[in-house]
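Novice: The primary structure of each chain is shown beneath.
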Amino acid sequence: MTPQKAVIGLEIHIQVNTVRSKMFCTCSQDYRGAPPNTNVCPVCLGLPGSLPVPNREVIRKAIMLALALGSKVLDKVVFVRKHYFYPDLPKGYQISQHRGPGMAPIAVGGSLEIEGDSGPKRIRMRRIGVEEDPARITYPSGDPTRSSYSLIDYNRSGVPLIEVVTEPDLSSPKEARVFMEKLLELVDHLGISNPDLEGAFRVDVNISIEGGERVEVKNIGSLKDIEKAISYEVVRQRAVLAAGGKIQRETRHWDPVKGVTIVSRYKELEEEYRYFPDPDLPPIAITSSIVEEIASKMPELPWHRAERYVKIYGLTRYVSRVLVSRKRLSEFFEEVVKIYGDPRRVADLLINDFLGIVNERGGNLDMVKASPQSIAKLLSLMDQGVISVKIMKMILERVVLGGEDPEEIVVRENLKVIASDEELEELAEKVIKENPKAVEDAKKNPKAINYLVGQVMKLTRGRADPQKIAAIIRRKLSIGS
Amino acid sequence: MSLVNKQLRYVVEAVRDNREALSEYIYRLYERIERYEEKLKGFITLRPADTVIREALEANRLGKPLAGIPIAVKDNISTEGIRTTCASAILENYIPPYDATVVKRLREAGAVIIGKTNMDEFAMGSTTETSYFGPSRNPWDPSRVPGGSSGGSGVVVSAYMAPAALGSDTGGSVRNPAAYTGIFGYKPTYGGLSRYGLIAYASSLDQIGLMTRDSVDAALLLEYIAGEDPRDPTSLDLRVGGLFKEISSLGEGRDLPKARLVIVKEMWSGVEDHVFKTTMNAVDKLSSEGFEVEEVSVPEVSYALPAYYVIAFAEASSNLSRYGIPLYGLSKDPENTSWIDYYSEIRSKGFGKEVKRRIMLGSFILSAGYYEQYYIKALKVRRLLRDRLLPLLRRGYIASPTMPIQPPRLGEAIEDPLRLYAMDIETVIPNLIGSPAISLVAGFANSLPVGLQLIGPPLGDRDLLLIARTIEIIIGLSNLSPQMG
Amino acid sequence: MEVDIKRLERLALLKLSDEEEKALSKDVEKIIGFFKQLDGIVLEGVEPLFHVMEKEAGVREDSVEKGIEKLWIERSAAKTIDGYVVGPRTITGEES
Ligand SMILES: [Zn+2]
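Residue numbers (the working numbering), protein chains in the order written: chain P, 6 to 486; chain G, 100 to 584; chain A, 58 to 153.
Hint data in this document are derived by calculation from the structure and do not stem from the laboratory.
Treat the hints with care, as some may be off.
What the hints assert, rightly or not - In silico negatives: residues of chain G with every beta carbon more than 10 Å from chain A:
no., residue
1, Arg127
2, Glu391
3, Leu426
As the list claims (entries may be wrong) - List of simulated lysine-lysine pairs, BS3-like, C-alpha gap at most 25 Å:
no., chain 1, residue 1, chain 2, residue 2
4, A, Lys123, G, Lys452
5, A, Lys127, G, Lys203
6, P, Lys87, A, Lys112
7, G, Lys431, A, Lys136
8, P, Lys421, P, Lys442
9, P, Lys87, A, Lys79
10, G, Lys452, A, Lys93
11, A, Lys93, G, Lys364
12, G, Lys431, A, Lys72
13, A, Lys127, G, Lys431
14, G, Lys452, A, Lys112
15, G, Lys376, G, Lys357
16, A, Lys123, G, Lys203
17, G, Lys448, A, Lys136
18, A, Lys112, P, Lys77
19, G, Lys448, A, Lys93
20, P, Lys87, A, Lys63
21, A, Lys127, G, Lys452
As the list claims (entries may be wrong) - Restraint ranges, calculated between C-beta atoms of paired labels, are given here:
no., chain 1, residue 1, chain 2, residue 2, range
22, A, Val103, P, Lys263, 33 to 39 Å
23, A, Val121, G, His373, 30 to 36 Å
24, P, Lys398, A, Val121, 20 to 26 Å
25, G, Ala467, A, Ser74, 23 to 29 Å
26, G, Arg134, A, Val121, 46 to 52 Å
27, G, Pro398, P, Glu218, 47 to 53 Å
Glycine included, C-beta positions come from ideal geometry on N, C-alpha and C.
From just these sequences and the hints, can you work out the full model?
Specialist: So this is what it looks like as structure tokens:
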């Protein structure tokens, strides 16, 4: 018997961390690094009498995302109040968007095509809206269950979020992850959000197994956890059903430390949001000319960019997709190509060596200090035979993360390839003398020459072409190749 | 005669170049306060006389237009550094870090806050009896209520403890106490005065208003505090520039402007006899002075009151969900308490009975299954009412008694919520349709002032105040002095 | 009875004494009866009016201004530690 199909829908909250101010007040959106409760005002503290004033730029960005997803932008934006009590919510309600009498989100419908488990698949959107982030809560012991109080920092309160709700079109944890990656790529390219910042997105997942009730798993903060939480929940639900049990319609929370979902208390409180249009915020009209104007300023979409790389630069699909996984990377790539030419060579260096360094440290491109010029220079230095591949790999990290000039490193540390044959001949001579045993081996088995080549390389500190050294040694020992 | 009994505009003129007269005037106000405040309880927070005088003299020295005049502010309007309680235990010690826009504008114009006035808790009431700090009393008869919810503002203006006060009006809270204490009350068009800093009761109905000794003083202050506010997305421009000059010159030789008064029959049914007669007499007098009077029937008006209360409670339950937070107001040590227990305890301790009642009903109205049955329905009535009344307001001003009954004695109305709510039957209508409205003294019944309410078209504030002034001149009952012991 | 007082208490986070509950139930029933007067009016084809002035909302340019002082928070909050506002436990007693 095949297991019943999993039906998965996502509710994604993406921080609009590319604007200056918060959603409804003039505090800085960039709350990271500020001492607690120093980036606040009456509005984002929800003080009595304060009133929200919407940030125009965030609404424009949400419309842009809607257009990129082919959603229908509605002709007016209505904000609603979503009520629930929790210590992170200073007003007892969150200003959000919803559908219902008198309510309207930014956009409805649309879709995003992903590479599904069995081929290309269209994931439909239900709605796209804008809302405000709650405050951040931490605990003295780091663990809510073992802390006798909580610590509230309102600096994050009011940071703009875009909420994207999908139809339940995803069928596996992997598809959910693939979808998320593509969506995050998109918001990155549109200049809506830098997805690599800590806390840049959170996801609520709706999961049901065909025929069972829907379970919502709330507040998942990383791609890995999304995949894990869904896997856990699918297995859990199938097990309950297999044992003849019933799945309850409920809300659960993902515990990333224990790797399990836990049922939430006070379910009723969470489900009774008492939405109604916020009387403080009259609707904002979105005319077709506003929409057209936004559409005309839309940056190139990542999938169009990838296509261009395939067509114009002759890159493979895979390489193109990796290059557009972040806007900054693709822009960087194009800059280097502009200076250096040879897109394939540039792509190869970026994907294999450059990204290797970045990914080792968490993958956030913000740490990159290299200029496109320095990478172009690095490639040229290799072409001109000034440095070897080995030297390139050796100094790349300092170029990428330290922003150092590759040419300067090479000069300062004397890393130039040894160009003179005499010098290499001398070194080869020396190695042959000092390693009679290896010389014997090499004469018997031509492959064993590699040891001698290695010894010469060592003496040159990598500054020579191993092929060239091999040729010299062969000649000296009179071995054929 | 002492300046204390004069209208604000005359005081401002008299003290503008006379700092001694200014201190003298403020001392006199404090004398009155000392004498009557204990009995009348107009203030929740009274600022020390020397602080007020110091600030007043400074504003005067700087040549600001209001010359250091003291003004009383209802205690639900935020004042930086001065506690703002909403007459609730839950905000007993709340000191806002910012000024409401109207307060900021008043201060910039050279007015000084003398104190924060008593009110019904969170403006939920029509008698000022739900105040956590105890009820205010009517200067005309201290056994009676001064009306509400801006009762304290009515008291201090009527009893010459301040020349003018800010109130707030959600369903009559400025006009009701104005009528009961015999002063002028003005609720602008919805959005006409910024709500930024006004602690919300029901956001779509709330409006800050002015309580003064007559319409001219209201026009003077209005010019300084009106104007769109970038901090309030619902705020509008009333275009009242030059109004004070225009209104001051009315009755000086020129013919007074006349208007048509629209009598909506349903607004006169169920009105107490004395009140009916006194107000109708005033209408008759106006008619004899050249006002046209037209009688119409608008049956939908009978649904205004339940619609108003559904909307108000729903919004109130939402607006008041912010309280209980450990950031301001009533609190306790949060340690070792679950958040549900913490919030429940603070909220149960901090809110009074009427507030709890309204929050619970509002939560009910907005909850799944009842939202459409009550809330949406009430909003449909709201539209219907507006669609019926706006055409009438294009023809003339709707005139009615401000209050259907004379001020109840303390304790009389508060026991039965429906009886309490019924007091608002006339005054909720302008709030529902966004219209500006005023209350002025139409006459007396049983030695108590009786208010006439006049409703104008939205954004027609300027003309409404000019007509109000005309009526004041014809009836001749402004700047009244209650006989006090 | 249409109204479940206990449920409303949970929704509004109010804890009432038995006495309060009894008094309030009575009032609430009465007031809801009063609201039912709205059933008497024909509202077919009438759209609800959410914002009375039907004015378009003011929006804000994306700019930053200074907020309020930390000192105010330290004075106002029930308790602060290192600038954080101390809040109650975010879980209930049962979970641990
Ligand atoms: Zn803020």
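Novice: Indicate, hint by hint, whether the structure satisfies it.
Specialist: Each hint tested on the structure:
1. Non-interface status of Arg127(G) relative to chain A is upheld: no Cβ of that chain comes within 10 Å, the nearest being about 35 Å off.
2. At the 10 Å boundary, the C-beta of Glu391(G) stays outside the reach of chain A, the nearest C-beta of that chain being 28 Å off.
3. A beta-carbon of chain A comes within 10 Å of the beta-carbon of Leu426(G); the shortest separation is about 5 Å.
4. For the hint linking Lys123(A) to Lys452(G), the alpha-carbon distance of about 39 Å lies beyond 25 Å, and the restraint is violated.
5. For the hint pairing Lys127(A) with Lys203(G), the CA-to-CA distance comes to about 22 Å; that is within 25 Å, so the pair holds.
6. Using a Cα cut-off of 25 Å, the hinted pair Lys87(P) and Lys112(A) holds, with the two alpha carbons roughly 23 Å apart.
7. Annotation: proposed proximity of Lys431(G) to Lys136(A) holds, straight-line Cα distance about 9 Å (limit 25 Å).
8. Pair hint Lys421(P) plus Lys442(P) does not hold up; C-alpha atoms about 31 Å apart against a cutoff of 25 Å.
9. A hinted pair counts as satisfied when its Cα atoms are at most 25 Å apart, and Lys87(P) with Lys79(A) does not qualify at roughly 30 Å.
10. Of the pairs offered as hints, the one joining Lys452(G) and Lys93(A) holds, with about 23 Å between alpha carbons and a cut-off of 25 Å not exceeded.
11. Our distance criterion of 25 Å between C-alpha atoms is met by Lys93(A) and Lys364(G), whose separation comes to about 23 Å.
12. For a cut-off of 25 Å, the pair hint linking Lys431(G) to Lys72(A) stands: about 16 Å separates their Cα positions.
13. Note on Lys127(A) and Lys431(G): the hinted pairing holds, with a Cα-Cα distance of about 20 Å set against a maximum of 25 Å.
14. Straight-line distance between C-alpha atoms of Lys452(G) and Lys112(A) comes to about 36 Å, which puts the hinted pair past the 25 Å bound.
15. Distance restraint check for Lys376(G) and Lys357(G): the Cα-Cα separation of roughly 22 Å lies within the 25 Å cut-off, and the hinted pair is therefore satisfied.
16. With a C-alpha separation of about 17 Å, the suggested pair Lys123(A) and Lys203(G) falls inside the 25 Å cut-off, and the hint holds.
17. With a CA separation close to 19 Å, the supplied pair Lys448(G) and Lys136(A) stays within the 25 Å bound.
18. For the hint linking Lys112(A) to Lys77(P), the alpha-carbon distance of about 24 Å falls within 25 Å, and the restraint holds.
19. For the given pair, Lys448(G) sits about 31 Å from Lys93(A) by alpha-carbon distance, which is inconsistent with the 25 Å threshold.
20. Distance hint between Lys87(P) and Lys63(A) is fulfilled; the C-alpha atoms sit about 21 Å from each other, no more than 25 Å.
21. Restraint check: the Cα-Cα separation between Lys127(A) and Lys452(G) comes to about 35 Å, which exceeds 25 Å; the hinted pair is violated.
22. Take Val103(A) and Lys263(P): their Cβ atoms lie about 54 Å apart, and the range 33 to 39 Å is violated.
23. In this structure the supplied range 30 to 36 Å is violated for Val121(A) paired with His373(G), their Cβ-Cβ distance being about 59 Å.
24. The hinted range of 20 to 26 Å is not satisfied by Lys398(P) and Val121(A), whose Cβ atoms lie roughly 43 Å apart.
25. In this structure, Ala467(G) and Ser74(A) meet the distance hint of 23 to 29 Å, their C-beta atoms being roughly 27 Å apart.
26. Distance hint for Arg134(G) and Val121(A): a CB-CB separation of about 51 Å, consistent with the stated range 46 to 52 Å.
27. Under the hint 47 to 53 Å, the C-beta atoms of Pro398(G) and Glu218(P), about 49 Å apart, fit the expected range.
In this structure, the hints that do not hold are numbers 3, 4, 8, 9, 14, 19, 21, 22, 23 and 24, in rising order.
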